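Chain A is fixed; fit chain B onto it per the hints.
Chains A and B supply the protein sequences, listed in that same order. As numbered in the UniProt record's numbering, residues 1 to 522 make up the first sequence, in order. As numbered in the UniProt record's numbering, residues 1 to 147 make up the second sequence, in order.
Be aware that a few hints might be false.
Simulated restraints on C-beta separations [as the list claims (entries may be wrong)]:
1. B:Leu21 <-> A:Leu36: 58 to 66 Å
2. B:Ala66 <-> A:Ala435: 45 to 53 Å
3. A:Val51 <-> B:Val11: 51 to 59 Å
4. B:Leu90 <-> A:Met65: 29 to 37 Å
5. B:Ser106 <-> A:Val481: 53 to 61 Å
6. B:Phe38 <-> A:Asp379: 49 to 57 Å
7. B:Ala136 <-> A:Arg172: 43 to 51 Å
So, partial list: chain B residues that the calculated Cβ filter (under 10 Å) puts toward chain A [as the list claims (entries may be wrong)]:
8. Ile85
9. His96
10. Phe100
11. Met105
12. Thr123
13. Val127
Residues from chain B that keep clear of chain A, each with C-beta distances beyond 10 Å, as calculated [to be verified]:
14. Val10
15. Val54
16. Leu78
17. Tyr92
18. Leu95
19. Tyr97
Since the hints were derived computationally from the structure, they do not count as laboratory data. None of these values were measured; they are calculated from a predicted model. Positions of the beta carbon are idealized from the N, C-alpha and C atoms, including for glycine.
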Amino acid sequence: MATASETPHIALTLRDHLPILQVLVPLCTAPLIVLLGDRRIAWGLAFLAAVLSLVVSFLLLMQVMDGSFISYHLGGWAPPIGIEYRIDAANAFVLLLISLTATLVLPFALRSVADEIPARSHTLFYACFTLVLTGLLGVVATGDAFNVFVFLEISSLATYVLVSQGLYRDKRALSAAYDYLIMGTIGATFFVIGIGFLYMTTGTLNMADMAERLVGQGDNRTVQAAFAFIVVGMGLKVAIYPLHLWLPAAYNYAPSAVTVFLAATSTKAAMYVLLRFMFSVFQPEFVFDTNLLLWILAPFALLAMFAASLIAVFQTNFKRMLAYSSIAQIGYMLLGISLFSVTGLSATMVHLFNHGITKAALFMAVGALVLRSGNTFYDRIEGMGRVMPLTGAAVVLGGLSLIGVPGTAGFISKWVLVQAAFEADLWWVALLIVASSLLAVIYMWRVIEVLYLHTPHPEAIHKEAPLSMVIPMWIAAGACVWFGIDTSLTMGAANTAAIGLMGGTDGMALTPTVGGLLGTGH
Amino acid sequence: MKEHHLILRVVTKSLVGTIILFAFYVQFHGDFSPGGGFQAGVIMAVAFILYGIVFGLHEVQRVLPAWVVHKLVALGVLVYAGTGIWNMFLGYEFLHYGSFTPDHMSHGQHSGILYVEAGVGITVTGVMVAIYYAFAGRTPRLGNDDW
Numbered sequence: 001m002a003t004a005s006e007t008p009h010i011a012l013t014l015r016d017h018l019p020i021l022q023v024l025v026p027l028c029t030a031p032l033i034v035l036l037g038d039r040r041i042a043w044g045l046a047f048l049a050a051v052l053s054l055v056v057s058f059l060l061l062m063q064v065m066d067g068s069f070i071s072y073h074l075g076g077w078a079p080p081i082g083i084e085y086r087i088d089a090a091n092a093f094v095l096l097l098i099s100l101t102a103t104l105v106l107p108f109a110l111r112s113v114a115d116e117i118p119a120r121s122h123t124l125f126y127a128c129f130t131l132v133l134t135g136l137l138g139v140v141a142t143g144d145a146f147n148v149f150v151f152l153e154i155s156s157l158a159t160y161v162l163v164s165q166g167l168y169r170d171k172r173a174l175s176a177a178y179d180y181l182i183m184g185t186i187g188a189t190f191f192v193i194g195i196g197f198l199y200m201t202t203g204t205l206n207m208a209d210m211a212e213r214l215v216g217q218g219d220n221r222t223v224q225a226a227f228a229f230i231v232v233g234m235g236l237k238v239a240i241y242p243l244h245l246w247l248p249a250a251y252n253y254a255p256s257a258v259t260v261f262l263a264a265t266s267t268k269a270a271m272y273v274l275l276r277f278m279f280s281v282f283q284p285e286f287v288f289d290t291n292l293l294l295w296i297l298a299p300f301a302l303l304a305m306f307a308a309s310l311i312a313v314f315q316t317n318f319k320r321m322l323a324y325s326s327i328a329q330i331g332y333m334l335l336g337i338s339l340f341s342v343t344g345l346s347a348t349m350v351h352l353f354n355h356g357i358t359k360a361a362l363f364m365a366v367g368a369l370v371l372r373s374g375n376t377f378y379d380r381i382e383g384m385g386r387v388m389p390l391t392g393a394a395v396v397l398g399g400l401s402l403i404g405v406p407g408t409a410g411f412i413s414k415w416v417l418v419q420a421a422f423e424a425d426l427w428w429v430a431l432l433i434v435a436s437s438l439l440a441v442i443y444m445w446r447v448i449e450v451l452y453l454h455t456p457h458p459e460a461i462h463k464e465a466p467l468s469m470v471i472p473m474w475i476a477a478g479a480c481v482w483f484g485i486d487t488s489l490t491m492g493a494a495n496t497a498a499i500g501l502m503g504g505t506d507g508m509a510l511t512p513t514v515g516g517l518l519g520t521g522h
Numbered sequence: 001m002k003e004h005h006l007i008l009r010v011v012t013k014s015l016v017g018t019i020i021l022f023a024f025y026v027q028f029h030g031d032f033s034p035g036g037g038f039q040a041g042v043i044m045a046v047a048f049i050l051y052g053i054v055f056g057l058h059e060v061q062r063v064l065p066a067w068v069v070h071k072l073v074a075l076g077v078l079v080y081a082g083t084g085i086w087n088m089f090l091g092y093e094f095l096h097y098g099s100f101t102p103d104h105m106s107h108g109q110h111s112g113i114l115y116v117e118a119g120v121g122i123t124v125t126g127v128m129v130a131i132y133y134a135f136a137g138r139t140p141r142l143g144n145d146d147w
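Chain A extracted, bound-state conformation (with noise of 0.2 Å):
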């Protein structure tokens, strides 16, 4: 911060600036929305601040897909001391996915929202929207360790707030609300706990200092434990298997657009952090060799395939069902991870963006159903297929994406992993993905059958739903078949990003560093 310096200062342009812009644009929205307080401009700015994020996080993503990084100083100040914006493959990547979804929900939520909500509570609900889509994208986009909690609390706070939106048509949507705080909070606690440790072993916050100065600590029981909190606070974020307890409720009761954005969004975030923590903060060398993850995380993966799609085979309730899908599919995203290759990681964050899309026009067709026919009950939605050929045709798209078929996006992420259990050597993997392939098709046969081979219920009413829903789920569901065939934005950007993540500490340096193991002497 030098004072009257000789040489002019030159003038950062828009382009300088795109790193914050990604979150300030959201930020700056939310209490703008609440300041003017009108129902119809609340969704317009919250609509136009998602598109402007989406054209944000291309631009970043189109900047970084040759495996560089932007860093963006806030406030001027340098890294370490200041706060870092560090924008890469692996993070522009999900910021698309995030930024994509935004702009893909909001139209569809002003329908559905009207519907589900009371037109007085609309102007905050866009605003905690708003809340929730600024704190995700800042989760991803920043390079310091304590921003991370911050806007992982900013996020996480206001989706509780819109699951509990979800109590004009179930009152149970608090309960399940409830639930989430209690349980998000021990997660963030966990992980603000984790990162306090680290502050203590290297006293700094910035990831990437963070990083070169854990080099050789791998003995270090303050590390050790700083890893363990990251790791089970992220593991609630991310709802790991067996700490997946809140995602069935909070999905099921909140609002549809709502669980849209979440199941699309929010879990996806926090696998980025525990990428970001267990590849670039932590050496992977650390997280494997030293801690013994792939005995832990590899059999919860698999757990997590198998009995949970197990326990979707057995719902009653459509959007519920897919809510153990979901756990499922996590499944799949942490078993890349724990294969520790190039291929794994690949798979992984693949994964992280083709079930994010697939995910998003399965739960749009649910809220499409729900509108017209109260809910999702299987008993209650029996032959709205044939009413509604539109929604059922994308429920179709979406479970195939889920199941894997060829041709669609779903198909690629599990190639790849199949790709990288064999390259593993771990044949046997590769079946069990296979083999809990097939409870998909068994969880979603049954929905089909039951959308399709029954006459409607006439309770129901019996109309496609309107344009503003059908048009992103179509988006949503046709993403699911074009990133199905034509991978090269995807599994490039997952290439980069895994190649940038597998390089440990120097994917993330301040200075190019020799990329030193650590602890291995002990």
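Just chain B now, with coordinates in the frame of chain A:
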């Protein structure tokens, strides 16, 4: 009602102004002594909460209606973010206060921190009063029929 708690009412009336004044002192003196937007915001809110406790929710909401409080919460955030955006328009990074006076960066830092702390103060006042209103104005428990 009026004749009760005469001493409390008189003391409160004379204290409220002083508390608000003290809040401003903590607010604007925050960069030289302990204090700043958070503390000042809480102290400012205390003035209204005390008034509400002694004179009742209805009376305090005549002075500071709930809708104004909600707008205050949002306004403070916008003041904070707006300061940063202003810095961006001056050609520097978000929240780079030095940009206010490029010839003498530390002066800019001083004014910048005053602006953002004003934002913090406004929001904290709003949030504290809003929490008080929410608890004080709580409607009775849900009856069995409401479920």
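Cross-check of the supplied hints:
1. B:Leu21 <-> A:Leu36: 58 to 66 Å: At 32 Å between Cβs, range violated.
2. B:Ala66 <-> A:Ala435: 45 to 53 Å: 57 Å, violated
3. A:Val51 <-> B:Val11: 51 to 59 Å: Taking Cβ atoms as reference, A:Val51 and B:Val11 lie about 55 Å apart, which means the hint holds.
4. B:Leu90 <-> A:Met65: 29 to 37 Å: At 31 Å between Cβs, range holds.
5. B:Ser106 <-> A:Val481: 53 to 61 Å: 58 Å, holds
6. B:Phe38 <-> A:Asp379: 49 to 57 Å: For B:Phe38 and A:Asp379 the Cβ distance comes to about 54 Å; the hint holds.
7. B:Ala136 <-> A:Arg172: 43 to 51 Å: Violated, at about 28 Å.
8. Ile85: 7 Å, holds
9. His96: 4 Å, holds
10. Phe100: Not OK, violated: B:Phe100 not within 10 Å of chain A, min 12 Å.
11. Met105: 5 Å, holds
12. Thr123: For B:Thr123, the interface hint holds, since the closest Cβ of chain A sits about 9 Å away, which is under 10 Å.
13. Val127: 12 Å, violated
14. Val10: 37 Å, holds
15. Val54: 30 Å, holds
16. Leu78: Check fails; 5 Å does not lie beyond 10 Å.
17. Tyr92: 6 Å, violated
18. Leu95: With a cut-off of 10 Å, B:Leu95 comes too close to chain A, as the shortest Cβ separation is near 4 Å.
19. Tyr97: 7 Å, violated
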